[in-house]
Amino acid sequence: MRYADFTPHDLLLLLQGLGVSVALFAATTVIGLAIGLAWAVLRYYRTPLLAPLVAAVAELLKNSPVLVQLFLVFFGLPVLLETDLTPEQAALITLSGNTAAFIYVIAVSAIEAVGREQLETARVFGLSRWQTLRRIVAPQAAAFGLGPLTGLLVNQLQVTSLISVIGVVDLTKVGAILNLRTLKPFIVWTVIGLLYYLMARLIARVCARAEARLRAHSQWKGL
Amino acid sequence: MIHIEGVTKRFGSHTVLDGVDLRVAPGEVVSILGASGSGKSTLIRCINGLEKLDGGIISVDGHRVDDPKQLQLARRCSGTVFQLFNLYPHMTALQNITLAPMEVLKVPRQQAEDEARALLASVGLAGRAAAYPAQLSGGQRQRVGICRALAMKPRYLLLDEVTSALDPEMTAEVLAILARLAADGTTMLFVTHEIEFARHISNRVVFLEQGRLLADLPTAQFFAADGGLAQPRIAQFLSKMSKS
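For the protein sequence lines, the chains are P and B, in the order given. Just so we're aligned, residue 1 is where the first sequence starts under our numbering, counting upward by one. Just so we're aligned, residue 1 is where the second sequence starts under our numbering, counting upward by one.
No lab work stands behind these hints: they were computed from the structure. Possibly wrong hints are sitting among the right ones.
Stretch by stretch, here's where chain B covers chain P in the computed footprint (C-beta under 8 Å, at least three residues) [what the hints assert, rightly or not]:
#: 1; segment: 113-120
#: 2; segment: 131-140
Not close to chain P: a few residues of chain B, all C-beta gaps over 10 Å, as computed [what the hints assert, rightly or not]:
#: 3; residue: Leu53
#: 4; residue: Arg109
#: 5; residue: Ser122
#: 6; residue: Gly124
#: 7; residue: Ser164
#: 8; residue: Thr219
Note that the coordinates shown come from a computational prediction; the quantities given were computed from them, not determined experimentally. Don't be surprised by glycine CBs; every beta carbon is placed ideally from N, CA and C.
Please work from the sequences and hints to get the whole structure.
Structure, rendered in structure tokens:
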């Protein structure tokens with residue numbers, strides 16, 4: 001006999017899936033930001049060898065499908081390194097790398113959007129390259145980059161749904177499970193879709209707030 | 001002493017500065033006149049090390065600008081005010097002024113802010129310390145730019161067409177400050193199109209034409225009929241400028 005009705009337990013399952021998706025998204029965003037920004041700093045310093053290497057890696061990562069990268073990491077990496085990788089680990093590695101590549105691209109163009117004359121001014125006043133990055137470039141680049149970053153993060157949230165393919169029980173996987181049991185695809189996928197939608201809106205809102213704060217200096221407050 | 005000797009600068013095949021010799025001694029006010037594209041701004045950019053020289057040497061108080069090891073020391077001696085202000089847009093007027101003293105000279109915050117407030121007060125901007133550049137008028141921005149340069153206590157002030165982006169009223173308010181600085185004995189090298197002002201405050205006038213120094217004369221002599229004006233090009237330039 002099988003349960004075709006929704007039970008209170010399903011809600012728990014849904015929350016669990018949501019938790020996995022959110023945790024994975026948050027973790028890969030943090031790791032991706034750290035790596036992507038570090039790469040952008042390498043480029044800012046025009047580090048020989050490393051800067052071109054990073055650019056090449058980022059090109060590879062952003063120009064191939066995430067699903068293929070996921071398969072490569074989940075199935076390929078264990079063979080190459082002769083280790084075992086859980087689906088969660090594979091998902092974490094793949095999405096972090098993918099996010100890092102796109103954040104690198106956003107950070108590079110945001111840094112380049114800071115006026116050349118500002119860098120020259122900082123130089124004339126004797127600021128080191130690091131001081132210039134920290135006090136002049138980073139605050140302005142952050143404001144420039146937040147718009148594109150919002151778009152990226154909303155997209156990366158949706159991309160996390162791919163990891164259900166390798167068996168991570170995320171929100172999408174929970175949807176698949178509930179759908180198979182209840183055979184009510186319209187209700188199940190509507191709820192799942194709505195949850196992603198709400199998360200995406202939340203991300204956009206948080207980013208918009210941060211952007212408004214970073215751009216406070218260019219807002220008219222009256223003379 | 002700012003010491004410029006045989007300085008040549010090329011952009012591609014175009015020679016912007018062609019063997020320029022110039023000395024500015026402490027206490028002097030030297031203005032650089034010349035048509036647009038004559039190399040005036042490039043000369044300023046060479047003195048503060050923003051352009052690499054293709055020939056010649058520049059030293060500021062004995063520190064060679066063309067030697068990367070001495071460049072930092074040379075830059076400490078001079079302060080630059082820019083044509084388009086170049087204020088940091090994400091920082092308040094006060095932060096714009098205190099940044100370099102705090103980061104480069106390691107002045108404690110309280111002291112840096114006190115000095116910045118005193119500077120702002122001296123240019124009539126006591127109440128605008130917390131304003132961002134976007135909330136200031138052009139003249140106010142340039143006054144902040146002057147304060148920012150002065151906050152580093154430079155021995156030489158380099159001014160690159162500091163009023164050319166301002167309307168006549170704002171120009172007057174900035175020039176009044178420069179006149180006061182000159183009267184206080186600040187050493188200045190300034191590129192300008194304000195002929196009357198140059199005549200008024202400078203000890204010496206230098207005329208650049210296509211990267212060459214056409215004249216380097218005491219002010220009175222530069223504007224005298226048997227001095228600078230004896231050169232047809234300078235007479236022509238001055239007559240055009242005074243007509244406009």
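How the hints compare with the structure:
1. Taking a C-beta to C-beta cut-off of 8 Å, the segment 113-120 of chain P contributes 3 residues in contact with chain B, enough for the three needed, and the coverage statement holds.
2. Only residues whose beta carbon comes within less than 8 Å of a beta carbon in chain B count, and the segment 131-140 of chain P has 5; three or more means the coverage holds.
3. Every beta carbon of chain P lies more than 10 Å from that of B/Leu53, the smallest distance being close to 16 Å; the non-interface claim holds.
4. Interface exclusion of B/Arg109 from chain P stands, the closest Cβ pair being 14 Å apart, more than 10 Å.
5. Under the 10 Å C-beta cut-off, the non-interface status given to B/Ser122 relative to chain P holds; the minimum distance is some 20 Å.
6. At roughly 14 Å, the least C-beta separation between B/Gly124 and chain P is larger than 10 Å, which holds for a residue marked as non-interface.
7. No beta-carbon of chain P comes within 10 Å of the beta-carbon of B/Ser164; the shortest separation is about 15 Å.
8. Look at B/Thr219: its CB is around 28 Å from the nearest CB on chain P, clear of 10 Å, so calling it non-interface holds up.
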